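**Q** Sequence:
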Amino acid sequence: MPLTAADAIPLLPLVSEVLVQTAAITCARLLPHVRDRADLHGRDPLEKYHNLLMGEIAELAVIAYLVGQGKYAVSAVDKEAATPDAGHDILVRRRDGTAAKCSVKSSLSYRHGIEAIPGQFRPAFNRREPRDINIQVYFHYRLEGEPRTTVAASNHAYIIGWASEKKLLESGFIVYNGEKRWVADLKLADLSPLAELLPLLS
1 MPLTAADAIP LLPLVSEVLV QTAAITCARL LPHVRDRADL HGRDPLEKYH
51 NLLMGEIAEL AVIAYLVGQG KYAVSAVDKE AATPDAGHDI LVRRRDGTAA
101 KCSVKSSLSY RHGIEAIPGQ FRPAFNRREP RDINIQVYFH YRLEGEPRTT
151 VAASNHAYII GWASEKKLLE SGFIVYNGEK RWVADLKLAD LSPLAELLPL
201 LS
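For the sequence shown, full-length UniProt numbering assigns the number 1 to the initial residue and increments by one for each residue that follows.
Rather than coming from a laboratory, the hints here were simulated on the basis of the structure. Be careful, since some hints might not be right.
Said to hold, decoys possible - Only pairs whose alpha carbons sit at most 25 Å apart, straight line, appear in this in silico DSS-like list of lysine-lysine: (1) LYS187 with LYS101; (2) LYS187 with LYS166; (3) LYS167 with LYS101; (4) LYS187 with LYS105.
All figures in this text were calculated on a predicted structure; none of them were measured in a lab.
Make a model of the complete structure from these sequences and hints.
**A** See the structure below:
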């Protein structure tokens with residue numbers, strides 16, 4: 001059965017003021033060391049900061065969710081390092097106690113809300129990025145209606161779902177619309193809900 005908006009986990013109850021402050025401090029430290037990838041457009045410092053902040057909040061929110069469900073989850077990223085991380089964001093434990101690497105991607109929709117996001121977008125992983133567990137978080141604007149949301153906000157953000165490394169690699173990859181980068185040839189609706197990940201973890 002395809003994943004739907006009803007399967008998504010809202011970020012709002014997971015994102016505290018302290019979490020945002022922690023993320024902002026980390027991003028300010030990392031910003032001077034961020035370099036644009038060859039397959040991305042050139043970003044100015046403000047865009048880089050916003051991208052960093054969304055990614056950091058997504059990682060911390062996923063950790064908060066998993067820990068809140070009684071699962072082991074810790075950041076795998078050295079927040080003091082000036083060099084790129086190892087390609088995964090979180091360490092979790094499988095049911096047998098072995099470690100698993102978890103990658104978290106955050107994306108933003110300026111047009112579609114949560115009801116349309118699963119059927120409209122693809123997981124933002126290229127062929128080099130999948131790890132044992134791969135989780136997609138999505139933020140979206142609300143440009144019409146009240147109140148309008150024209151910046152990334154936790155009340156319009158969700159943990160969408162997850163996929164294994166095998167599933168992403170077997171999907172093939174296509175060029176993302178409007179960019180040079182490649183992404184998995186799946187829709188977010190093809191991912192599994194976070195509820196199906198929980199029994200696999202300890």
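**Q** Are LYS167 and LYS101 close enough, with their CA atoms no more than 25 Å apart?
**A** holds (15 Å)
**Q** Under the criterion that the straight-line Cα-Cα distance not exceed 25 Å, is the pair LYS187, LYS166 satisfied?
**A** Status holds; Cα separation ~16 Å.
**Q** Given the hint that LYS187 pairs with LYS105, does the C-alpha gap stay at or below 25 Å?
**A** Given pair LYS187, LYS105 holds - Cα atoms ~14 Å apart, limit 25 Å.
**Q** Given the hint that LYS187 pairs with LYS101, does the C-alpha gap stay at or below 25 Å?
**A** holds (22 Å)
Going through the hint list in order, the structure satisfies each hint without exception.
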